[in-house]
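Trainee: Go by the hints and put chains B, C and D with the ligands onto chain A.
Chains as they are written, first to last, in this note's numbering: chain A, 25 to 383; chain B, 787 to 1150; chain C, 16 to 540; chain D, 5 to 590.
Any given hint might turn out to be false.
Some chain A residues close to chain B (C-beta under 8 Å, calculated; not the full set) [unchecked claim]:
#: 1; residue: G61
#: 2; residue: G75
#: 3; residue: L167
#: 4; residue: V170
#: 5; residue: D172
#: 6; residue: L180
#: 7; residue: I184
#: 8; residue: V186
#: 9; residue: I188
#: 10; residue: G244
#: 11; residue: F279
#: 12; residue: L296
#: 13; residue: V303
#: 14; residue: T304
#: 15; residue: V319
#: 16; residue: L323
Hint data in this document are derived by calculation from the structure and do not stem from the laboratory. For glycine and all other residues, C-beta sits at the position ideal for the given N, C-alpha and C.
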Amino acid sequence: MAATTSVPGGAASPVLHGRRRTWRDLPVVHQVRQSVGVQRVMLVLGLLLTGVFVLAALLAPLLAPYGFAQIEQDQVPFGTLQAPGGAHLLGTTQGGYDVLSRMLWGAQTALETIVVAVVLSLFVGVALGLVSGYLGGWLDRVLVVVADAVYAFPSLLLAIVVSIAISGGQSSKWGGVLAAAVAITVVFIPQYFRVIRAETVRIKSEAYVESAKVVGASTGRIMGRHVLRNATRTLPLIFTLNCSEALLTLAALGFLGFGIQPTSAAEWGYDLQRAISDVTAGVWWTGLFPGLAIVLAVLGVTLVGESLNDLADPRLRGRRAVSAASGTVAATSVVPGGTLDAAAGLETPEGQTDGGDRR
Amino acid sequence: MTLLESPESTGATVVAKPEGKSSGGGGFGRYLLVRFLLIIPTVFILVTMVFLLMRTTGDPITAAQGGRLPPEQLAERIHAAGYDRPLLVQYGDYLGGLLHGDFGTTISDNRPVTQVLVTYGAATLELAVYGLLVALLVGIPLGMLSAYVRDRWGDAVLRVFAILCYATPVFFAGLLLKLVFAIKLGVLPVSGRATTSTELNLQLLEGKTGIYLLDAIRLGDPAAVVDVLEHAVLPAVALGLLTGGIFLRLVRTNVIGTLGTEYVDAARSRGVGELRLVRKHAYRPALIPIITVIGLQVATLLGGAVLTETTFEWKGLGFQLAQYLTARDFVAVQGIVALLAVIVAVTNFVVDVLAALIDPRVRY
Amino acid sequence: ACGGGGSGSAGSSSGTGGSAGGAIVVGTTDKITSLDPAGSYDNGSFAVMNQVYPFLMNTPYGSPDVKPDIATSAEFTSPTEYTVKLKPGLKFANGHDLTSSDVKFTFDRDVKIADPNGPSSLLSNLDSVSAPDATTVVFKLKAANDQTFAQVLSSPAGPIVDEEVFSPTAVTPDQTIVDGKAFAGQYTIASYDVNNLISYKAYDGYQGLLGPAKTGTVNVKYYADASNMKLEVSNNSIDVAFRSLSANDIADLRTNNKVKVVDGPGGEIRYMVFNFNTMPFGAKTSDADPAKALAVRQAMADLIDRDALSQQVYKGTYTPLYSFVPKGLTGANDALKSLYGDGTGKPSPDKAKQALAEAGVSTPVDLKLQYNTDHYGPGSTDEYGLIKNQLESSGLFKVDLQSTEYVQYSKDRVKDAYPVYQLGWFPDYSDADNYLTPFFVKNNFLSNHYDSPTVQKLIAEQLVETDKAKREALIGQIQDTEAKDLSTLPFLQGSQVAVVGSTVSGADQTLDASFKFRYAALSKG
Amino acid sequence: MTLTDRPQERPRRTGPVVDIRDLHISFASDAGSVKAVDGVSLRVAPGEVLAVVGESGSGKTVTAKSILGLLPASATASGMVLLAGKDGDSATDVVAVPKARLRELRGTDVAMVFQEPSTALNPVYTVGWQIAEGLRAHTSMSRREARERAVDVLRRVGIPDPEQRVDYYPHQFSGGQKQRVVIAMALVLDPGLIVADEPTTALDVTVQAEILDLLRRCRDDFGASILLITHNLGVVADLSDRVAVMYAGEVVEEASTAELFAHPREEYTKKLLAAVPYVGQGRERAAARATARRESAEAGTEPATLVEADGLRISYPGRLGRPAFTAVDGVSFRLASGEVLGLVGESGSGKTTIGRSIAGLTRVTGGSLRVLGQEMRGVKERTFRPRRVDIGFVFQDPASSFNPLLTIAECVAEPLVVHGRAGDPRAARHRVDELLEAVQLPRAYGDRYPHELSGGQRQRASLARAIALEPQLLIADEPTSALDVSVQARVLELFSELQARLGFACLFISHDLAVVDLLADRIAVLHRGRLVEEGTGEQVLGAPQHAYTQRLLASLPVPDPVAQAGRRAELHRLRASEESSSSAPR
Ligand SMILES: Nc1ncnc2c1ncn2[C@@H]1O[C@H](COP(=O)(O)OP(=O)(O)OP(=O)(O)O)[C@@H](O)[C@H]1O
Ligand SMILES: Nc1ncnc2c1ncn2[C@@H]1O[C@H](COP(=O)(O)OP(=O)(O)OP(=O)(O)O)[C@@H](O)[C@H]1O
Ligand SMILES: [Mg+2]
Ligand SMILES: [Mg+2]
Ligand code: NI
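Here chain A stands alone, though its shape is the one from the complex (with noise of 0.2 Å):
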């Protein structure tokens, strides 16, 4: 009977009340709703700058006026280090591309590797992590030690190795931003692998879990209908977070030269570090935009990750403030007068009361 609760729906996703879905309850819509003064502000911020990240991914070849890989225009050539302005708005690089053009398809490139590599990792991750979880023993010993092996290792260095493992040959536009996401994947599974597992540890032992175990439900039922759902109920957070750390990685690998080429994509990472000497010389278009780029992108979408956070931990949600006299008195578990012969059913759902919103 003491504080040993630990709240089924406490740091989750708005599971609603059963009432009526509407728009306003719609994930994103639901979390705006839901956040009040600075917390609003940095979430609608982070979403704008994730909003207008995806747009720009999804439209770049609407909204770039050249190609990534484009340096001329009807035979006459864009020129090299043009300062914006004119035909290029934000001018063009050393290698003659316009600066524009290649930040736009930038996106592209960044959102398709972040989806892949993300979506990559949270299969293997979620997979392993609940059966390494749930069934124990040797097998999760070892995938334990492994991926805190991997986990422990600098991220950037195993996405290194990887990629120049896989890059082989690849020098397609697809063939880089695999390597790029399967490099990345490598490093973020342990990380899904870890909160997953020890979400399914913590699960496995809640009253639920035993409960399906003694009806006698199988072990794969087990893991499908109970632990899965409910341990993965985190990853939304993660993943949002997780987004903007494939962002950097993909960026240092462009950066060090192991991503992909500006002639397959476009890609930050590798014009910032082509922009370097540049900026030195006193250009700084080339290094600006896209360094910008890759800040403000990484910038909105940790924004939302830890807005989203904050707003799923009753501990950390801010709310706004009310009057002393208004709402009304949340109704408790009996109804006034009538305790024990009241109609069956006809108590009042009480709400949080005694599964408690403390932790």
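Mentor: Using the frame of chain A, we list chains B, C and D with the ligands on its own:
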């Protein structure tokens, strides 16, 4: 492995709390021993992984001479070096060498790996310590401040600052820092670890440690010390801010978490002031998960060091690793990876011990 | 055969270089593999060896041709015997005598060690070395009258080492060499921190061809990132910056009045290789047709705009190259200039169209073009982007441009994976043959299945032609023949660029067709 | 347990220590604003113990916290909370006071004792340091002086060896000792008022009795007034002078303790009193059932044995080489079909462990345990799974025993689906509806998610799930301990109804003797993993043989002030004799 580090997600590494009332004195010692022994498989796994990965990526001879020698001669040389033997045989050789404490000699520059590790390890260590220092100096006070003013504008500014620190790739931050402080203002050096003359002096020092600051102090030349420190400022800031942002967020979240606990409420109910609540009552318990995560951040720090070292010509392990990778010098890469793995594993071990020491529940 | 136990103190005073006036700081992006000549075969290591080791043959300032260095004479005394007479009384900086025994030791161990990273392949024509007396060395060759042998003695296989310091059977560690002061070149190494900082002191015992060093102390800083080096040279933190500055950096530095940009001819060439089996209409393709394949190559040669590549991508740091042997070397010509394009070196889409049409090639031709990103500098990307553009804008080609990381690239290209691909070449020594034999003989290092008996015969002939003029003519003939076959398509030649502080002089002297950058020529103030 | 009395310098007070006038408190929550306190007025006189009772969520804690100004940022309060200063004359309105002044009040004028002692103590500081913090916040005492004061106050609350214990960390104390430390912290500055929010809820009855004694001393010897919040009417009867009954944010009734228990005015209060189970309640029913069983036995239907434990031993493996911990040690008992066996014992005595081992959730490590004819020692899950049809399990915490992502209907249908009685939850819906009705839940509740039900409703749904397959054996592990008394009464009633109707055998685990007495045919008392006594309710509770059972029984406060005073005396006597015969229990 960066922003994610909420203590809940650190899963297996979190210190096992002895359960129940039984508190065997030997328990903790045993725990430490087991924890320490775990370093071995960790390093072993990583080294094996890197061994396999590296072999699939090509050999050092093709890397060095592929643009010069006819295929037959190349094959001959590869054969002579034994790189065309079955993987398992090579792996056996390698492990055998390791067991005898022989890390081998680098292929691309013909140096004993141990020497490479010592020389560049010292440089990386120096940088990492500077970076960690900056990170802690930025992360902890600001994190506490952020928790203290939570959900107000000051908090928002600090948090966005933290995210920006994290969101700005080290190389971009490095570029901007260089541009402002080295080129525009000209107050700090662009790159390197010391000016040529200082470096020459340091090189001739008897029994040098490779940690320039120590060496410079031993040299007894104040100018050299200043010179060395000046060179460290930009790399340390670039690297430190990266992790500092993560620390800030970590400290904030955990302090807010502990601020919401009943014991802080209890202290408050006894009239303890708000600032003291944050600084003493909430911070110390929050430190346990923070320290655990900081241990894991060492990995990030080392990863960041690759970029920082490259950006600032700081010739350390990370920098060297990138070079050896391109040269497919797997002997060197394996050696460095093994060392990094050991460093990370040992740090995590130390951190666990530290966390255990801070947490009295584990100590007894 | 070595006398002398007295350790000479020449140049060994461990001067704390410091801000000692007159010391020159050179920046470079080279990388050293090994100080031991038997253990390295790369530019970075060779650059150091050129300062500190004596050679039997060397290139004097300003010329690509070799002359005896620490030797008094060197000549064929019989078709397979090449005899070198050493100057008497030579000493290493550690006081050991430098005798023919050391020379024999040097070459014997090169061959014996045959290190995977070593230059032993350059000595493939060497049968044995003998040292009949202290100053005479006789090289016995397998093939007679090898006209490149003198050059080989100036190549990475050529530095003479001290038999008392170096191991006869293994690559000697750098530190052993430095500690043993086994140097007898213009400089000795006073302090050595590999790939970071080397401090050179002039060696007064050097009596060779190049004369004494002009500056007593030279410190060389190694950079990983050329832009850092550029920043430091631009504010005179270093006096000289040599190699791998980007075209942009150089263009920017040209406008900086604190520094001078010094250009010299370069031996590096950039070219495309055609794989005769897999290129369009190649021997192993479904529609094999040598004539059509040749037409494709010709059309490409017609379309390449070398000036644009030179100017737009490299800001003049690479210059157009119209032959297989770069300008500046004895025997080089402009074989491709008149044959392709408009005849003046400019591209000509019409000629290309005509060539294709005559061979009956339907256009556009699908072309897979492969380049490498990390070995020939980041400019490659822009270079091939532009080439793709040049080929496609004529409407005659449709280029599928791809890139691969170098090691994989090196493996794939010899496995016929790439129909047409990028390569670059940096010579082992400055002889025209070094641009011919490796590329055009049977089983060349390109493995591109090019097999022309005519060319092979000519190459064999020039190799043993003792008459200089005749040999030059033969070399010209090879280039002309090859220009018609087009098994490779050269288009750029690198120039050497050094950026020096405004008070530094002498760089122009050493930026010559020997492609050896000698610090001894530099002086400051 | 002697007191080192310190002279009381507190001036005679006349006015109330705290005077709450028309207090309103609202919270901002995710679902809009929630009103927690709706016009509460209360006063506590000097030296008085005022008990506040009421349903969970009725606003007790919020009211209490408002006295210390400890409401979270999301709360807004209006009204007045006048807190008398220590000197007795100046009263401060806590609601309106500035922060700095609030800080001065806390600890000196009013102090708080929290419900859960283990969370109210900072785990990383010694208790001495934590006690000193309160002193340091208000006085400029030197470190040594503060330490002395800490030792002193620890001694006064009955911590043995306070000189050493002052440097201990919280985890080195037992639960009861922790609560003493928490009380010591409250006492150290001699506050006029101590607010104790459910100070004994987390403790065993035996420990609870000790803490109640201590609190009584706080009033008697230290002259502090106490605002005691609890939902345990036994505790109220034991300690308080006056009682305020709260319901839905309002005080519905206020009277002296004797008056309230003797003549409750409000309907709600009456129901509340009626809902409290007390020892002896179930005797009649148990007797009736026993008779019935005897009759059927005579009719030749000897009830089958469902569970038989013989020298049952269960150890938990120690971590990392620590010795294994034996939670259950040589327990033997037998459960026949149709019988209800109550298992009682204090926290940690191994009750849950036994229940779980019967359900095959915990490994049996020694002795023998036969469940439905299957030996559980070394049994494989695969072998045991088919027998699970005949076993139902009701968990302690209704909230966590439902998968939060499934609807109630899906949860209840789970056993049906698993055992092939229905293809999928939809197909089982008819049976689910029947089951829900059987536990008196409307069918429509099947479509709700677990968190949309109240605790009592959830526990009923849990019951529905447990009986879905009509098991022969039901294991109920403290099924009502997470519930309010009134809800508990309802669930218990339903439970016994179902048991009568379906005739399953039941192992009913509880720490509450009164609850067990209400339901069980036989009662087994567990003490530190050993079965110390077993028998019918009449035997065990009427004439306990074992000293532990006696103490357990005597520690249980009864909701009757007069009777409780008598029991208290009895308990003191028992304790004294026990102390003289053996060392302290912990
Ligand atoms: N921080 C909070 N935010 C929102 N609502 C709250 C908060 N704290 C309490 N409440 C609400 O205020 C009401 C009264 O809560 P309170 O904790 O005072 O109840 P209680 O009488 O102490 O109940 P219990 O016996 O369960 O401790 C409840 O409806 C509760 O949900
Ligand atoms: N998984 C476990 N590992 C180790 N020890 C355990 C484990 N579960 C319980 N114990 C220990 O076994 C003993 C008996 O625990 P059990 O849960 O059966 O007690 P209980 O009588 O149900 O107590 P409560 O009334 O608090 O629920 C306790 O001392 C407990 O600490
Ligand atoms: Mg409460
Ligand atoms: Mg229990
Ligand atoms: Ni909800």
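Trainee: Now look at each hint and say whether the structure bears it out.
Mentor: Here is how each hint holds up against the structure:
The closest approach between the C-beta of G61(A) and any C-beta of chain B is roughly 6 Å, which is under the 8 Å cut-off, so the hint is satisfied. Among the interface hints, the one on G75(A) is violated; its C-beta lies about 17 Å from the nearest C-beta in chain B, farther than the 8 Å criterion. Hint on L167(A) is violated. Least Cβ distance to chain B is approximately 10 Å, over the 8 Å limit. For V170(A), the shortest C-beta to C-beta distance to chain B is roughly 6 Å, which falls under 8 Å, so the interface hint holds.
With 8 Å as the threshold, the beta carbon of D172(A) comes within range of chain B, its nearest partner Cβ sitting at about 6 Å, so the hint holds. For L180(A), the shortest C-beta to C-beta distance to chain B is roughly 4 Å, which falls under 8 Å, so the interface hint holds. Residue-level restraint check for I184(A) holds (minimum Cβ-Cβ distance to chain B is 6 Å; threshold 8 Å). Taking 8 Å as the C-beta contact cut-off toward chain B, the hint placing V186(A) at the interface holds, the least distance being around 6 Å.
Annotation: I188(A) was flagged as interfacial toward chain B, and the flag holds, the nearest CB pair being 5 Å apart, inside 8 Å. Taking 8 Å as the C-beta contact cut-off toward chain B, the hint placing G244(A) at the interface is violated, the least distance being around 24 Å. Interface restraint check for F279(A): the shortest CB-CB distance to chain B comes to about 5 Å, inside 8 Å, so the restraint holds. A distance limit of 8 Å between C-beta atoms decides the matter here; for L296(A) the minimum to chain B is near 6 Å, and the interface restraint holds.
With a cut of 8 Å, the hint placing V303(A) at the interface with chain B holds, because the nearest CB-to-CB distance is about 6 Å. Given the 8 Å rule on beta carbons, the hint for T304(A) holds: about 7 Å separates it from the nearest Cβ of chain B. Here the hint on V319(A) is kept, as its CB sits about 5 Å from the closest CB of chain B, short of 8 Å. With a cut of 8 Å, the hint placing L323(A) at the interface with chain B holds, because the nearest CB-to-CB distance is about 5 Å.
Figure legend: structure checked against the earlier numbered hints; hints not met, in rising order: 2, 3, 10.
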